[in-house]
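Engineer: Sequences and hints are given; from them, build the entire structure.
If you read the protein sequences in the order shown, they are chains A and B. In this note's numbering, each number is its position in the first sequence, counted from 1, plus 17. In this note's numbering, each number is its position in the second sequence, counted from 1, plus 83.
In short, the hints are calculated from the structure, not lab data. Just so you know, not all the hints are guaranteed correct.
If you want the footprint, here are the derived chain A segments under chain B, 3+ residues with CB under 8 Å [unchecked claim]:
| id | region |
| --- | --- |
| 1 | 25-36 |
| 2 | 190-201 |
Label pairs and their in silico Cβ distance ranges [to be verified]:
| id | chain 1 | residue 1 | chain 2 | residue 2 | range |
| --- | --- | --- | --- | --- | --- |
| 3 | B | R258 | A | A97 | 33 to 39 Å |
| 4 | B | F379 | A | Q190 | 29 to 35 Å |
| 5 | A | S31 | B | N255 | 20 to 26 Å |
| 6 | A | S117 | B | H333 | 32 to 38 Å |
Just so you know, even glycine gets a beta-carbon here, dropped at the ideal spot from N, CA and C.
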Amino acid sequence: MPDKKDDVYGDHISHTFNDELMNLKSEFLEMGGLVESQVDRAITALVDNDGHLADEVRATDKKVDKMEIELDEEATLILARRQPTARDLRLVVAVIKMVSDLERVGDEAKKIAKFAIKLSEEGQAPRGYVEVRHIGNHVLAMLHDALDAFARLDSEQALRIMKEDKRVDEEYQAATRTLLTFMMEDTRNISRCMSVMWILRALERVGDHACNIAENVIFMVKGEDVRHTPVEEAEKVVGR
Amino acid sequence: MNTMNPKISSEADGQSVESGEAVPLREQPEETIIEEGKTVGKPFADNPKFKLRNVSVAYGKDRAIKDISLDIGRNEVISFIGPSGCGKSTFLRCLNRMNDSIDICRITGQLMLEDEDIYSSKRDVVELRARVGMVFQKPNPFPKSIYDNVAYGPRIHGLANRKSELDDIVENSLRKAGLWNEAKDRLDSVATGMSGGQQQRLCIARAIAVSPEVILMDEPCSALDPIATARVEELISEMSESYTIVIVTHSMQQAARVSHRTAYFHLGHLVEVNETNKVFTSPEHDLTESYITGRFG
Chain A
18 MPDKKDDVYG DHISHTFNDE LMNLKSEFLE MGGLVESQVD RAITALVDND GHLADEVRAT
78 DKKVDKMEIE LDEEATLILA RRQPTARDLR LVVAVIKMVS DLERVGDEAK KIAKFAIKLS
138 EEGQAPRGYV EVRHIGNHVL AMLHDALDAF ARLDSEQALR IMKEDKRVDE EYQAATRTLL
198 TFMMEDTRNI SRCMSVMWIL RALERVGDHA CNIAENVIFM VKGEDVRHTP VEEAEKVVGR
Chain B
84 MNTMNPKISS EADGQSVESG EAVPLREQPE ETIIEEGKTV GKPFADNPKF KLRNVSVAYG
144 KDRAIKDISL DIGRNEVISF IGPSGCGKST FLRCLNRMND SIDICRITGQ LMLEDEDIYS
204 SKRDVVELRA RVGMVFQKPN PFPKSIYDNV AYGPRIHGLA NRKSELDDIV ENSLRKAGLW
264 NEAKDRLDSV ATGMSGGQQQ RLCIARAIAV SPEVILMDEP CSALDPIATA RVEELISEMS
324 ESYTIVIVTH SMQQAARVSH RTAYFHLGHL VEVNETNKVF TSPEHDLTES YITGRFG
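Structural biologist: Next up, the structure:
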């Protein structure tokens with residue numbers, strides 16, 4: 018557990034309230050770390066043709082689901098017991114929402130693992146794996162930075178992640194075009210390329226969820242909702 | 084008297100040389116300095132019911148209220164919150180001159196009700212208190228019948244010429260206070276025999292029997308159970324259609340539930356006034372945040 022003195026959620030009169038909020042925060046980060054490794058391992062399983070690792074990723078998703086339920090329960094109990102206000106309230110509300118994002122990232126990892134198994138069984142030459150690795154690394158970094166921004170309540174870093182999302186979208190479009198040319202070259206590639214397309218789509222969604230987390234971090238720090246607003250607006254909020 | 088001396092910090096004030104007064108400094112973020120007379124948020128309103136400017140209150144040498152300016156809107160429910168001894172009750176009691184009975188209490192500044200000076204020497208205090216009614220922390224019915232409790236005000240103010248008119252006033256007031264169904268068959272029984280929640284609603288009925296414009300409530304629910312509290316809160320939101328309501332409360336959830344705006348008091352300063360929704364989700368001032376999140380108080 019983090020040092021109470023250094024944590025803005027650790028200076029209430031009620032020590033048990035401190036513990037509850039800080040537990041919520043650290044357990045959320047724990048779930049984030051697990052989900053991060055799920056995505057990473059799913060990509061590795063795909064690129065390395067490692068069906069065994071892909072099976073592990075699929076099995077571990079149950080743990081992610083369990084953590085989602087536990088975190089939601091803890092957040093609900095804090096609302097019921099403490100009626101938090103201001104930044105405490107924003108933390109609890111944001112965690113409830115971000116937990117859903119993490120759980121869905123977990124689902125995307127599971128999806129990638131499923132395709133990894135399918136593709137390794139088909140055993141053909143890899144197509145589009147370079148793009149998968151590239152976009153995969155990019156969204157993993159975003160997810161990591163989003164969790165880091167949450168841990169440090171760093172709204173500026175959260176803003177950078179929001180901006181990064183546009184680049185992922187561009188990379189995704191470019192990769193889609195590359196795969197289309199593979200399909201046009203030889204129609205026997207279509208089934209395989211479609212699978213890779215789904216994987217890329219899953220990774221792009223991971224980027225979106227990282228972005229959602231970043232938006233919630235800005236809400237926690239600044240108290241303003243920057244969802245569905247242009248990045249320039251979010252920039253003004255963070256600059257305040 | 085330095086009551087109008089603007090822009091001095093609370094720290095400086097705590098060690099004020101000229102008056103030698105000692106303002107107790109509570110646990111608070113060290114770097115936070117409150118500028119006197121400076122309130123963040125939205126303390127002012129258009130066409131207000133009360134217009135209060137540069138109000139200071141001192142009990143002898145102790146300054147309880149330091150240069151507060153605030154508007155209270157028509158049909159607004161505004162709640163005053165803050166740690167014990169922050170001056171919120173003192174400020175509330177200025178609004179219908181309940182502090183007059185305290186000899187050492189000195190009030191400066193401008194306090195206007197509908198553009199008339201509350202503290203004007205020509206002001207009839209009895210008439211003022213009929214217009215600005217008050218409900219206290221502990222239910223304080225007279226040791227008389229339920230009927231007589233409600234009829235007391237209208238009688239002394241001569242609001243009813245006939246018994247039937249008085250009956251109507253009593254019934255209407257009890258209905259507005261949500262007490263009619265429980266009390267209609269026992270109007271002649273003694274009021275002190277009622278439950279605490281009923282007694283408090285009786286006090287509200289007694290306050291509204293003289294058709295006030297404003298109702299001041301000083302922690303009206305702190306002696307009530309959750310059900311009675313819910314009834315009184317329901318009553319507050321109904322009454323806000325016809326009255327301006329100022330409520331001092333220690334229950335922040337209550338302030339969040341019933342009021343339109345919330346004012347945060349701290350060591351005699353008015354630190355922040357904002358829409359209640361804003362105060363409880365993202366307050367502007369650090370002190371407000373620390374208090375409502377339970378970091379000191």
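Engineer: All hints are to be evaluated individually against the structure, with a verdict given for each.
Structural biologist: So, going through the hints one by one against the coordinates:
no.	hint	result
1	25-36	holds (count 5)
2	190-201	violated (count 0)
3	R258(B) / A97(A): 33 to 39 Å	holds, 35 Å
4	F379(B) / Q190(A): 29 to 35 Å	violated, 53 Å
5	S31(A) / N255(B): 20 to 26 Å	violated, 45 Å
6	S117(A) / H333(B): 32 to 38 Å	holds, 36 Å
In this structure, the earlier hints numbered 2, 4, 5 are contradicted, and the remaining ones agree with it.
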